[in-house]
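K.L.:
In order, the protein sequence lines correspond to chains H, U and F.
Just so we're aligned: 486 in my numbering is position 486 of the first sequence, and the numbers increase by one with no gaps anywhere.
Just so we're aligned: 137 in my numbering is position 137 of the second sequence, and the numbers increase by one with no gaps anywhere.
Just so we're aligned: 98 in my numbering is position 98 of the third sequence, and the numbers increase by one with no gaps anywhere.
Hint data in this document are derived by calculation from the structure and do not stem from the laboratory.
Think of the CB as a built atom: it goes at the ideal place given N, C-alpha and C, for glycine as much as any other residue.
A hint or two may mislead.
As the list claims (entries may be wrong) - Using 25 Å as the maximum straight-line C-alpha spacing, the simulated SDA-like pairs for lysine to any residue come out as follows:
1. U:K32 to F:A128
2. H:K469 to H:G321
3. H:K279 to U:M177
4. H:K439 to H:P143
5. U:K32 to F:I134
6. U:K32 to F:L212
7. F:K240 to F:N129
8. H:K440 to H:A275
9. F:K66 to H:D169
10. H:K469 to H:S450
11. F:K240 to F:L309
12. H:K469 to H:G78
13. U:K32 to F:I131
14. H:K279 to H:N451
15. H:K439 to H:A407
16. H:K279 to U:F62
17. H:K439 to H:T452
18. U:K32 to F:R216
19. H:K440 to F:T53
20. U:K32 to F:S133
21. H:K440 to F:T52
22. U:K32 to F:F126
23. U:K32 to F:I121
24. F:K240 to F:L206
25. F:K240 to F:E230
26. H:K439 to F:T52
27. U:K32 to F:N129
28. U:K206 to U:G220
29. H:K439 to H:A121
30. F:K66 to F:V22
31. F:K240 to F:I306
32. F:K66 to F:L16
33. H:K440 to F:T43
34. H:K439 to F:T43
35. H:K469 to H:S479
36. U:K32 to F:I137
Said to hold, decoys possible - Some, not all, of what chain H presents toward chain F, calculated at C-beta under 10 Å:
37. L178
38. L195
39. T219
40. R222
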Amino acid sequence: MRLPLLIAAATLAFAGQAAAREFSWAATTDPQTMDPHAVNSAPVLGFLNNVYEGLVRRGRDMRIEPALATSWEPIGAGEGWRFVLRRGVTFHDGSPFDATDVVFSYERASGETSDTRSWFAPVSEVIRVDDYTVDILTSAPNPIFPDSIANWMIMDSDWAAANNTTAPDKERGTFASLNTNGTGPFRVTLREPGLRTVLEPFGEWWDSAGHNLTRAEFTPIRNPATAVAALLSGDIDFINPVPVQDAARLAASPDVNVIRGTEARVIMLGFAHAASALKYSDDVTDANPFADARVREAVALSISVNAILETTMRGSAEAAGQLVSPAMRGYSRTLDPRPGYDPDRARALLAEAGYPEGFSFGFKCPNDRYLNDESVCQAITAMLARTGLRASLDAMPVQNYWPELRAGNFDMYLLGWSPGTFDAEHPLRFLVATPDDDKKLGSWNFGGFSNTEADTLLPLIRSELDETKRQAMLDITASVVRSETAYVPLYVQPLIWGVARHIDLTQRPDDFFMLRWVTVN
Amino acid sequence: MAELSSQTPEKVVERSRLRVAIDSDFAWQFRKSPVAIVSAVVVTIMVLAAIFAPLIAPYDPFDPGSLNLMNGFSRPMTPNAFTQEVFWLGTDDQGRDVFSTILYGMRISLFVGAAAVLFAMVLGITLGLLAGYAGGWTETIIMRVADVQLTFPAILVAMLIFGIAKGITPVEYRDQMAIWVLIIAIGLSDWVQFARVVRGATLVEKNKEYVQAARLIGRGSGAIMLRHILPNVLSPVLVIATISLALAIIAEATLSFLGVGAPPTQPSLGTLIRIGQGFLFSGEWWILLFPALTLLTLALSVNLLGDWLRDALNPRLR
Amino acid sequence: MLAYVIQRVFQSAIVLLVVGLVAFSMFRFVGDPVDNMLGQERTQADIERLRTTLGLDQPFPVQYYKFLTNAAQGNFGVSYRQGRPVSDILMERAPATLELAAVSGFLAITIGIGLGVFTAIRRNGFAANAIMSISLIGVSLPTFLIGILLIYLFSVELGWLPSFGRGETVDVGGWSTGFLTSSGLQALILPSITLGLYQMTLIMRLVRSEMLEVLRQDYIRFARARGLRERAVNFRHALKNTLVPVITVTGLQLGSIIAFAIITETVFQWPGVGLLFINAIQFVDIPVMAAYLMLISVMFVGINLIVDLLYFAIDPRLRADRTAAH
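Work out the full structure: start from the sequences and follow the hints.
P.N.:
Here it is, written out as structure tokens:
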């Protein structure tokens with residue numbers, strides 16, 4: 001038949017491709033929009049960082065460095081920040097960049113329909129001083145403001161007005177959901193949502209190009225096994241993430257490198273602190289054992305994180321003792337490492353709390369959100385069973401998971417948290433603060449953990465300009481979270497990227513992939 | 001079948017017909033066909049293994065306390081790190097004995113398959129008899145629904161039903177309900193074949209003299225349908241049931257693979273294959289291979305048996 | 001005749017309404033799209049506002065009515081995930097699925113009929129028996145497993161064929177085709193085999209049993225007795241008479257190919273409507289899911305209607321039967 005002929009043609013085609021400086025990569029999700037202000041999620045922001053730019057950007061080591069602003073300084077005693085803008089920058093369509101675009105982008109990104117407006121909660125006003133100077137005023141001193149806006153991307157005001165997209169619309173979409181006009185190193189030349197997105201270098205980019213690409217193509221591949229097969233067969237140059245179980249096999253392949261790192265995301269267990277009784281128990285229906293810190297500590301002591309890391313995560317993750325990873329700003333160095341595996345002590349604590357025989361409860365877990373989330377939950381269930389903590393595991397897709405958590409349908413649950421600001425204050429605000437809708441506090445604190453000391457310190461931490469004093473307060477809150485076992489931090493989610501051997505690239509801890517650091521050899 | 005046919009004296013004609021078939025021709029056919037014998041033996045062994053899984057399986061995969069994560073990914077024939085018992089077919093990512101999970105998985109696959117076919121059979125026979133015997137608009141409605149459903153692929157129908165059921169059951173019962181929902185979903189997508197055959201046969205039988213006679217002596221419609229017409233359609237029903245069983249087992253596996261079937265807390269063979277697929281490239285082939293082979297063997301044997309049964313009961317094709 | 005046609009069209013319309021209701025209610029309960037549309041730092045107020053703009057706070061019948069009236073005008077709304085009209089997305093994805101289905105259908109029919117005839121003629125031969133047994137393995141292996149094994153063997157181990165996607169496509173008047181490039185053709189091989197295998201076995205077994213049936217008919221015996229060559233008997237007389245039921249069944253199976261494409265497209269990441277549907281389920285993109293199911297229903301009901309009307313037109317006995325039944 002014709003099969004051998006086709007196969008011969010295939011071999012030839014692959015041989016031909018190697019010479020071109022084209023690059024193709026795949027990830028599990030397609031960025032759901034090309035609008036930088038419509039959806040605040042890592043796949044969107046990570047992708048668009050190649051196309052749009054902010055006033056500041058993060059370097060290979062996550063440090064903030066100048067981008068569209070060349071310098072910045074605080075105004076007065078914490079009234080805000082003054083940014084000096086870069087001159088001679090143009091957007092992809094050739095129009096020049098100036099302060100008007102910054103003010104416009106602030107209005108667009110902080111507007112009613114924007115998903116990024118919470119970033120601008122501390123901002124009271126943005127003032128155009130002259131064409132290349134902008135003042136951003138904050139209602140309270142905000143020492144980490146420049147750190148918090150690296151993903152705030154600047155859009156051309158004239159382009160937005162001409163295409164009727166002065167405000168994002170995540171329901172119906174706008175011109176900007178499919179089209180882009182940034183100042184970044186790459187421009188989108190073809191966008192087929194869910195199928196592929198093609199980018200080409202922007203010749204007029206203000207910075208010197210660190211890459212040597214002529215064209216880059218992105219394909220979303222949902223099934224990780226398919227992605228691994230595509231990388232192994234040479235159809236794709238780079239995949240992210242690599243399933244942990246396939247890392248060894250990929251590393252052994254002569255054509256593929258595996259790059260490992262730790263992500264900013266900490267995987268942890270949360271509890272129904274505020275509930276009056278367990279929701280899913282066969283034996284304890286009139287009390288909530290998890291309201292007792294000793295029971296929560298018993299959970300922490302019953303889990304052998306090392307066994308999970310060794311087997312389920314195949315040695316590619318690191319144990320976590322706090323709500324943020326050691327790479328984050330504000331991580332508490334004074335706190336001891338996480339308590340080890342001690343089932344005897346766990347049993348003693350349970351007996352002390354009045355549950356010598358343990359109890360049964362419901363454990364909720366996502367099955368498509370974090371690396372190996374369901375396997376980890378199964379392993380935890382087995383470990384807890386040995387100290388008498390009989391969890392009935394209910395794993396579900398993330399689309400059902402958040403509504404369940406928000407409705408309080410859990411006794412214990414699994415959560416991963418990546419601080420958007422790369423700062424230890426972030427999880428305090430979202431996970432530790434007593435829930436308060438008006439103040440936008442504790443919006444992900446599903447279990448209703450509440451601690452007066454942490455609540456008092458949070459606003460002070462947010463406005464403290466002195467690095468040492470701030471850290472001292474963060475150390476206190478970290479130890480409160482630890483001694484109360486508000487959460488049980490398990491490990492820092494690993495980053496595992498699979499890269500064809502002839503490609504050089506840089507892995508950043510926030511899992512953002514920057515085309516400007518890719519070279520094809 | 002025996003109970004159905006042993007109740008009334010009028011039955012003698014039917015009964016002896018069946019007897020004759022079983023005693024002579026049928027059995028002779030069976031003895032003559034090595035394929036039939038082998039597949040019948042394989043199916044019997046697998047069914048018995050599934051039924052007695054709790055006695056045979058060296059481990060209980062549903063008892064989380066018995067697992068040890070440090071046994072995870074043991075290769076076939078390696079010993080348990082704590083008890084020195086041997087994992088014949090290795091362990092999966094949680095340190096569960098693959099042999100035990102296959103036994104329990106087969107149990108669920110077979111149960112879902114058999115229950116779904118039974119459900120489809122009862123539904124199909126009832127509706128088929130009703131359509132054939134009652135005629136009129138009853139028949140029109142039933143057969144129209146059947147026609148429409150026949151054009152929809154079973155897997156899509158099952159997905160739809162599964163989706164609805166999932167929507168209306170409270171989350172905490174979803175896992176317990178999943179198996180029953182699967183059974184109903186697969187059963188509902190599979191009744192048409194039975195209904196069509198039964199209706200056809202009913203149309204033929206209802207005008208025969210003995211049925212007319214029974215009607216004359218005042219037997220009720222229900223009794224006539226059950227005692228007179230039903231036994232005559234049993235052999236095609238048996239063939240369809242066997243082939244449907246194989247299809248149901250595969251449908252269950254496919255649904256579980258797509259993630260809309262048996263939950264991981266009650267893994268069927270399909271769930272095990274879905275889990276195992278993730279370890280194919282990493283070299284832990286046994287987590288995928290053994291459940292897949294079991295599924296193949298099971299479906300193949302049932303199919304071969306059904307194939308043979310069809311030929312044996314349909315002498316024209318011999 | 002006209003009354004019958006009207007009656008059948010009416011029945012089909014009711015079927016569509018019911019399927020639409022079922023599909024729509026299914027999606028309404030599967031999950032909450034709002035959570036997928038908002039980022040990590042959302043607040044409860046954001047969620048409420050989005051629910052209102054999407055109309056998710058309205059009673060279910062109102063939502064269904066709106067959906068139906070819009071769908072009747074070919075307007076399936078805007079995809080929650082992509083922010084584009086669903087009809088545009090479906091049009092974009094349809095060529096991929098239709099091309100895959102066409103190639104699979106072609107493989108299934110040609111190879112299926114060929115093997116069916118062969119196994120019927122040589123029905124006691126070793127090769128025929130071997131083919132029959134292998135075909136049973138094909139029926140006993142779930143499609144997804146076949147796909148995975150093919151990828152493992154031909155893409156990963158041997159590296160001969162691409163493991164996913166459509167390869168390069170060429171746009172011909174709004175229709176993106178993979179037929180015109182070598183990478184597009186290579187990409188078709190594994191998925192179309194995976195998708196077509198089941199239908200192929202089905203057609204093969206059907207042709208075989210129909211052939212066996214026909215071959216024992218009197219006129220075939222007569223033809224043989226007249227001394228016609230075996231070839232002529234087999235192909236000119238027997239096969240021709242087999243084809244009517246085969247064509248009918250194949251027509252009905254066409255729909256199944258498109259539906260089964262969901263599985264194949266998932267395994268091979270084939271960018272067609274099936275993959276779109278599965279991804280839409282993942283993200284609770286209700287408009288896309290509802291539109292896909294309505295489209296599939298229209299297709300199936302349409303095929304069914306056409307087959308029925310054809311029967312009615314062709315077979316006078318059926319006509320008598322139908323009228324007698326009423």
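K.L.:
Each hint needs a verdict: does it hold in this structure or not?
P.N.:
Cross-check of the supplied hints:
Between the alpha carbons of U:K32 and F:A128 the distance comes to roughly 19 Å, so the proposed pair stays at or under 25 Å and holds. Of the pairs offered as hints, the one joining H:K469 and H:G321 holds, with about 22 Å between alpha carbons and a cut-off of 25 Å not exceeded. Distance hint between H:K279 and U:M177 is fulfilled; the C-alpha atoms sit about 19 Å from each other, no more than 25 Å. Restraint check for H:K439 and H:P143: the C-alpha separation of about 20 Å stays at or below 25 Å, so the hint holds.
Proximity of U:K32 to F:I134 is assessed by CA-CA distance (about 21 Å); at most 25 Å being required, the pair is judged to hold. Between U:K32 and F:L212, the direct Cα distance comes to roughly 21 Å. Compliance with the 25 Å bound is thereby established for this hinted pair. Of the supplied pair hints, the one linking F:K240 and F:N129 holds, its CA atoms being roughly 24 Å apart against a limit of 25 Å. With a C-alpha separation of about 21 Å, the suggested pair H:K440 and H:A275 falls inside the 25 Å cut-off, and the hint holds.
The straight-line distance between the Cα atoms of F:K66 and H:D169 is roughly 21 Å, inside the 25 Å bound, and the hint therefore holds. Distance restraint check for H:K469 and H:S450: the Cα-Cα separation of roughly 23 Å lies within the 25 Å cut-off, and the hinted pair is therefore satisfied. A hinted pair counts as satisfied when its Cα atoms are at most 25 Å apart, and F:K240 with F:L309 qualifies at roughly 23 Å. Proposed proximity of H:K469 and H:G78 is supported: the alpha carbons are some 16 Å apart, at most 25 Å.
The hinted pair formed by U:K32 and F:I131 meets the criterion: a straight-line CA distance of about 21 Å does not exceed 25 Å. Of the supplied pair hints, the one linking H:K279 and H:N451 holds, its CA atoms being roughly 23 Å apart against a limit of 25 Å. Restraint check for H:K439 and H:A407: the C-alpha separation of about 20 Å stays at or below 25 Å, so the hint holds. Taking the CA atoms of H:K279 and U:F62, the gap is near 22 Å; set against the 25 Å cutoff, the hint holds.
The hinted pair formed by H:K439 and H:T452 meets the criterion: a straight-line CA distance of about 16 Å does not exceed 25 Å. For the proposed pair U:K32 and F:R216, the alpha carbon gap of about 23 Å is at most 25 Å, so the pair holds. Straight-line distance between C-alpha atoms of H:K440 and F:T53 comes to about 22 Å, which keeps the hinted pair within the 25 Å bound. The straight-line distance between the Cα atoms of U:K32 and F:S133 is roughly 17 Å, inside the 25 Å bound, and the hint therefore holds.
Between H:K440 and F:T52 the alpha-carbon distance is near 21 Å, which keeps this suggested pair within the 25 Å criterion. As the CA atoms of U:K32 and F:F126 are separated by approximately 17 Å, the hinted pair is consistent with the 25 Å bound. Of the pairs offered as hints, the one joining U:K32 and F:I121 holds, with about 23 Å between alpha carbons and a cut-off of 25 Å not exceeded. The suggested pairing of F:K240 with F:L206 holds, with an alpha-carbon distance near 14 Å, which does not exceed 25 Å.
With a CA separation close to 14 Å, the supplied pair F:K240 and F:E230 stays within the 25 Å bound. For the given pair, H:K439 sits about 23 Å from F:T52 by alpha-carbon distance, which is consistent with the 25 Å threshold. Restraint check for U:K32 and F:N129: satisfied, since their Cα atoms lie roughly 16 Å apart, inside the 25 Å limit. Using a Cα cut-off of 25 Å, the hinted pair U:K206 and U:G220 holds, with the two alpha carbons roughly 13 Å apart.
A threshold of 25 Å between alpha carbons decides the hint, and for H:K439 with H:A121 the separation of about 10 Å falls inside it, so the pair holds. Proposed proximity of F:K66 and F:V22 is supported: the alpha carbons are some 15 Å apart, at most 25 Å. Taken as a hint, the F:K240 and F:I306 pair is honoured in the structure, with Cα atoms around 22 Å apart against an allowance of 25 Å. Between F:K66 and F:L16 the alpha-carbon distance is near 16 Å, which keeps this suggested pair within the 25 Å criterion.
Proximity of H:K440 to F:T43 is assessed by CA-CA distance (about 7 Å); at most 25 Å being required, the pair is judged to hold. The suggested pairing of H:K439 with F:T43 holds, with an alpha-carbon distance near 10 Å, which does not exceed 25 Å. For the hint pairing H:K469 with H:S479, the CA-to-CA distance comes to about 16 Å; that is within 25 Å, so the pair holds. With a C-alpha separation of about 22 Å, the suggested pairing of U:K32 with F:I137 holds against the 25 Å cut-off.
Against a cut-off of 10 Å between C-beta atoms, the interface hint on H:L178 holds, since the closest Cβ of chain F lies about 7 Å away. About 5 Å separates the beta-carbon of H:L195 from the nearest beta-carbon of chain F, less than 10 Å, and the hint is met. At about 7 Å, the closest approach between the beta carbon of H:T219 and any beta carbon in chain F falls short of 10 Å, and the interface hint on this residue holds. Of the supplied interface hints, the one on H:R222 holds, with its beta-carbon coming within about 7 Å of a beta-carbon of chain F, less than 10 Å.
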